[in-house]
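Chemist: If you're matching them up, the sequences are chains S and F in order.
First residue of the first sequence: -3, per our numbering; consecutive thereafter.
First residue of the second sequence: 698, per our numbering; consecutive thereafter.
Derived from the structure by calculation, the hints contain no laboratory data.
Misleading hints may appear alongside valid ones.
Below 30 angstroms or equal to it, Euclidean Cα-Cα: the simulated BS3-like pairs (lysine-lysine) are [said to hold, decoys possible]:
id : chain 1 : residue 1 : chain 2 : residue 2
1  : F       : 752       : S       : 64
2  : S       : 65        : S       : 54
3  : F       : 738       : S       : 54
4  : S       : 64        : F       : 738
5  : F       : 761       : F       : 738
6  : F       : 763       : S       : 65
7  : F       : 763       : S       : 99
8  : S       : 99        : S       : 64
9  : F       : 761       : S       : 99
10 : F       : 717       : S       : 99
11 : F       : 717       : F       : 763
12 : F       : 761       : F       : 711
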Amino acid sequence: AQSVTQLGSHVSVSEGALVLLRCNYSSSVPPYLFWYVQYPNQGLQLLLKYTSAATLVKGINGFEAEFKKSETSFHLTKPSAHMSDAAEYFCAVSDRSTGTASKLTFGTGTRLQVTL
Amino acid sequence: GAVVSQHPSRVICKSGTSVKIECRSLDFQATTMFWYRQFPKQSLMLMATSNEGSKATYEQGVEKDKFLINHASLTLSTLTVTSAHPEDSSFYICSARPGQGASPLHFGNGTRLTVT
């Protein structure tokens, strides 16, 4: 079974500071990995995904994540936080099943707070 | 592209009544849709996988008679919470993917259900 662990349920950074949200995965085979963002009372929006092409993945809103097999990690970063980045962030993993039925398993989420 | 529409966004109902939530893929066909439930400040828990033209697959611990899923067309899946109770109050989110395998899930904006 696959799983992801997000270290830190709550992260607070100053506006303009580096954002680092941690995600470690557990999988017997290289998985697909995703980061999603959720604003209050809304669904999830895809930030970026790793599907075995480049290990450094760039996403929307200036976010990027690096797949490190040796560390089983897929941490999300952004060089300079903006107030609008305040939200809940979820790391997710799926297997490499073909077809549309491949399930996503989510981490417990990290709430990012951005302060002035 | 790849828009998933969920309706209603918010519903309040009395105990004992049933509530239907609709999930539509607006610009793609989805043979599979996923229904998640999210408790306050928690992660998303997969409830069931909705399969077009066949029975839904429920996750362990999810009551299939309580949460009725119908996927009658390639663009519409419905979740009916039957005989709702206050403990069913939650945020329900549907999702689907336009492609296969590594194609990411796209999420509806969720439905906030409050049972009084």
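Chemist: For every hint, state whether the structure bears it out.
Modeler: Evaluated hints:
1. 752/F to 64/S: violated (39 angstroms)
2. 65/S to 54/S: Holds - the C-alpha atoms of residue 54/S and residue 65/S are around 17 angstroms apart, at most 30 angstroms.
3. 738/F to 54/S: Between residue 738/F and residue 54/S the Cα gap is close to 27 angstroms, so the pair holds against 30 angstroms.
4. 64/S to 738/F: Holds, at roughly 28 angstroms.
5. 761/F to 738/F: holds (25 angstroms)
6. 763/F to 65/S: The hint is violated at about 41 angstroms.
7. 763/F to 99/S: Holds: residue 763/F and residue 99/S sit about 22 angstroms apart, inside 30 angstroms.
8. 99/S to 64/S: holds (22 angstroms)
9. 761/F to 99/S: holds (19 angstroms)
10. 717/F to 99/S: holds (23 angstroms)
11. 717/F to 763/F: holds (12 angstroms)
12. 761/F to 711/F: It holds: about 21 angstroms lies between the C-alpha atoms, which stays within 30 angstroms.
Hint compliance for this structure: hints 1 and 6 are broken, all remaining hints hold.
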